[in-house]
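Peer 1: Each chain, written out:
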Amino acid sequence: MRPAAFRTPEVGDDNPELRARLHAIWATEPGIKGWLGTTDHKEIGLRYIVTAFILLLVGGIEALVLRLQLAGPDLRLLTPDQYNQLFSTHGMTMIFLYASPILSGFSNYIWPLIFGSRDMAFPRLNAFSYWVYLGAAIFMYAGFLIGAGPNDGWFNYVPLAERDFNPGLNEDFYSLGMIFLGISTTVGAANFIVTFFKTRCPGMSINRVPIFAWGTLTASVANLVVIPSVSLAFFLLWMDRQFGTQFFRSPHGGQPLLWQHLFWIFGHPWVYAIVLPAMGMVSDALPVFCRRPLVAHTLVALATVAVMILGFGVWVHHMFATGLPGLALSFFSTASIVITVPSAVTVFAWVATIWLGRPVITTAFLFFASMIVLFVIGGVSGFMTASVPVDWQLTDTYFVVAHLHYVLIGINVFPVVGATYFWFPKMTGRLMDERLGRWNFWTMFLGFNLGFLPMHLTGLLGMPRRVYTYPEGMGWDTLNLITSIGSFLFAIGVLLFVINCRKSYRTGAVAGHNPWDAPTLEWTTPSPPPPYNFAVIPTVASRHPLWEDQLDESEGRSSWLRGMTLDQGKEALATTALDADPERILEMPQDSYAPFLLAVGLAILFTGMLLIKWIVIGLGGLACFAALLLWLWPRRDLREREPAPELLEPAHG
Amino acid sequence: MSATPLDYLTSAGARAAHIAPLTWFTLIVSVLVCLVIGILVWIGSRRFRASGGAEATTSVPVERGADGLPWIKWGLILSAIPLFVTLVWTMAALAQTAGPPANPALVLDVTSHQYWWEVTYNGALPSDRFSTANEIHIPVGVPVLVKLHGADVIHSFWVPKLAGKTDTIPGQNNVAWLQADAPGRYRGQCTEYCGLQHAKMAFEVVAEPRDAFERWRAAQLHTAPPPVTDVEKKGLAVVEYRCSLCHAVRGTRAASYYGPDLTHLMSRRLIASGALPNTPGSLAGWIQSPQQIKPGSGMPEQHLSGDDLSAVTAYLETLK
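If you read the protein sequences in the order shown, they are chains A and B. The numbers in the numbering used here rise by one with no breaks, and the one at position 89 of the first sequence is 131. The numbers in the numbering used here rise by one with no breaks, and the one at position 23 of the second sequence is 72.
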């Protein structure tokens, strides 16, 4: 075996013998080692999806309890403290532990498959990212389970979060948990960015990249830029709380508003980070059911990038009422109105795709098409809050609660459920039940709108958000009852989805490679795909490799039956950033305990910080150090050490 | 008060009146956009009349179709118009409503506490100064400047019929201004989440004709009348012994400003930051077990004997 760097890749045909060889190289070991050590992006992606979905159900149950409390005026189901912890935990769960990880899960699973690649760029980092996410989720929920859940809302304003007003462990769990979780998001983002630019198969030049990949790329760039801001904010808060620093405590010269800037510089781009990949899912999957390519693919890709860039300049629209100077308000107000333009491009591209195609109504299509409408409702209510004087009235009322649920459920949950109907056959080999799917869709759609459309009116009638109860005689009673009923109907819809997943996983119709006759590379692989994804590295000649005969977009034809075999070891291909020309062979790491151990070390470290036990902090640090040593110890198979001498010649390769 | 005291689709004062039409405009534009897109998606989806699952999908062959760019072009042109109008209108409304008026007819200080509003009126002389709680009296038809202070955490000052929100932030001096066009009571509410009793942190703005306002202001400067009956005297003793730890009744030995000034408690329509009507029954209930009514509020349970409670209530009822 010659080291990859000195070799010209062999080209060959897809054949059973090759597949057997690759399987032996790539398959995750059975048993505990494989379970804790796997670096297979599909396994990690599924873990992300399942974990995030379980957390969605937990957060949903929390929401139902909140809705029971608010079903009528002056109800006493929950104490104020219980209510405050529940609504804060609900926000934390949905925004941080569901909305982003679920998209990481889909991206993890789908990216190497649509890129014609064998894994993510950094498989061990990928595993680490999941373990840290799981650790942080457990850490953050541990507080809730011992009665010390977050109690200051998901954006956690100071000084209420300071120890002077919040002496329990609640905010320590939340602060440290957020820093912990930020590590997962950061390494995941770095991994996505490198994967995007370096591992697309030959021929997949930048103009041929599916929109879903653009969505996750822009989200990842945003995360890499803004996570430091929020991690810093929570670290400063923890210092204020534990060591009496004065970053945010006004009596001693600290600045409460500093928190809001640090948080929203992160918080607003984050909102885009949890919708852009989901919008990308719709941009890629909706056209499959319209039986034509997406209208204005390039413009939609550019709009995705434009939204993200503008998204960095709108954070102050969360702070219009804080007494900032008028000039700053008008700047951020304008930016917030302008950001509507690229979003409108995407919406019109979707609508045109439906009108200029021949739409086939499937359950997935229903979720995607209805998402367009929900997106617009969430978008225009956002546009209303962009206007400063209007926002002075709207902000912190239930209008904003309605708005953000249209954004998060409409532009995240609906596309994600649609994407599950779409990619479930790829992941499991079985199609989901369409009849149950229709029930699933209509219950979710009607329940959601019954619950949240009237909520706009509740807000316009002045109901403030984050109240554990409300008095009679404000005109909100009936509206709140309708919302509570709608939320339970919506929950039934989600339950039907769970039932459908379970039923279809066992008895669904067998899918085959490409059940939807879809155009992208993941549909050339068996369902579910083998551990190595592709027997030979595909070469693509257009945006729609599987539709080339029908569309006749390009001179040449894509090929996935003959290509580089890369079967001399655990190998993948690196290509150039823009044109995706082959650049070098990548030596991919074997399964490893190191990511799991590092995550455990970090969990110990953060637990020590929570309890301010220096010995535990020291132990956690040592564990991290040992895990890093194990991880980074130079290995011959990764060419981190000189190869054995007999493999060196000929050295001119 | 109207059936929906906190709604801001109608306004009752100059500042809110600049905002309400813009709110309506953006709302109508928004509803229209949703209807147009909703109808387009609905009709577009049903046009081809194909439905089913994977088989139905694959039975329709793929076609390249038109490039669809005119959709985006016209979509953007049509969207640009309301966006531009909103932008210009926003800037105009901002200019009209943002700044405090140059010559306010009245300047007062509002300090937000967990979970009540301290309202301080200043006059030309130190002796003209007094403070009250959760009820802000203003003269009708003139601009009033409100200086906002945060005592503990961030709260937000909001009287939807009169003006939008301004946060009260510790260590920062924000201002708001109000103007009521007609006499009346306008409900206000804290709108920045501030802890356990954020829900029950309301207040009222009472707009009165100028002479009524001046009469109210003069009356508020009076100290409390001495108790007359034995029960009232006993009540004052308990107030000075117990309530004085937090409250002030001017003219007595109760002089702490941790909680609301009670000198003219009976002049206020509501107690407990708008949570209860100011009736003898609810007053007694509030004194005895505030933690049942507002768990987490600063006022502790009193555990007064029945006699003491009725004495305190009897005395407080003399504080007109």
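Bear in mind the hints are in silico, worked out from the structure with no lab data behind them. A portion of the hints provided could be inaccurate.
[Stated by the list, open to error] Keeping only pairs whose Cα atoms sit at most 20 Å apart, straight-line, the calculated SDA-like set for lysine to any residue is:
no. : chain 1 : residue 1 : chain 2 : residue 2
1   : B       : K369      : B       : S338
2   : B       : K122      : A       : L341
3   : B       : K122      : A       : W280
4   : B       : K196      : A       : T340
5   : A       : K545      : A       : R477
[Unchecked claim] Not close to chain B: a few residues of chain A, all C-beta gaps over 12 Å, as computed:
no. : residue
6   : I96
7   : K240
8   : Y635
Virtual Cβ for every residue (Gly too), placed ideally from N, Cα, C.
Peer 1: Hint by hint, note whether the structure agrees.
Peer 2: Going down the list of hints, with the structure as the test:
Under the criterion of a C-alpha separation no larger than 20 Å, the hint pairing B/K369 with B/S338 is inconsistent with the structure, at around 23 Å. A hinted pair counts as satisfied when its Cα atoms are at most 20 Å apart, and B/K122 with A/L341 qualifies at roughly 11 Å. Under the criterion of a C-alpha separation no larger than 20 Å, the hint pairing B/K122 with A/W280 is inconsistent with the structure, at around 50 Å. Of the pairs offered as hints, the one joining B/K196 and A/T340 is violated, with about 52 Å between alpha carbons and a cut-off of 20 Å exceeded.
Only pairs whose Cα atoms come within 20 Å are accepted, and A/K545 paired with A/R477 is accepted, the gap being roughly 12 Å. Interface exclusion of A/I96 from chain B stands, the closest Cβ pair being 27 Å apart, more than 12 Å. The Cβ of A/K240 lies farther than 12 Å from every Cβ of chain B, with a closest approach of about 31 Å, so its non-interface assignment holds. With a least CB separation of 41 Å from chain B, A/Y635 remains clear of the 12 Å interface cut-off, as annotated.
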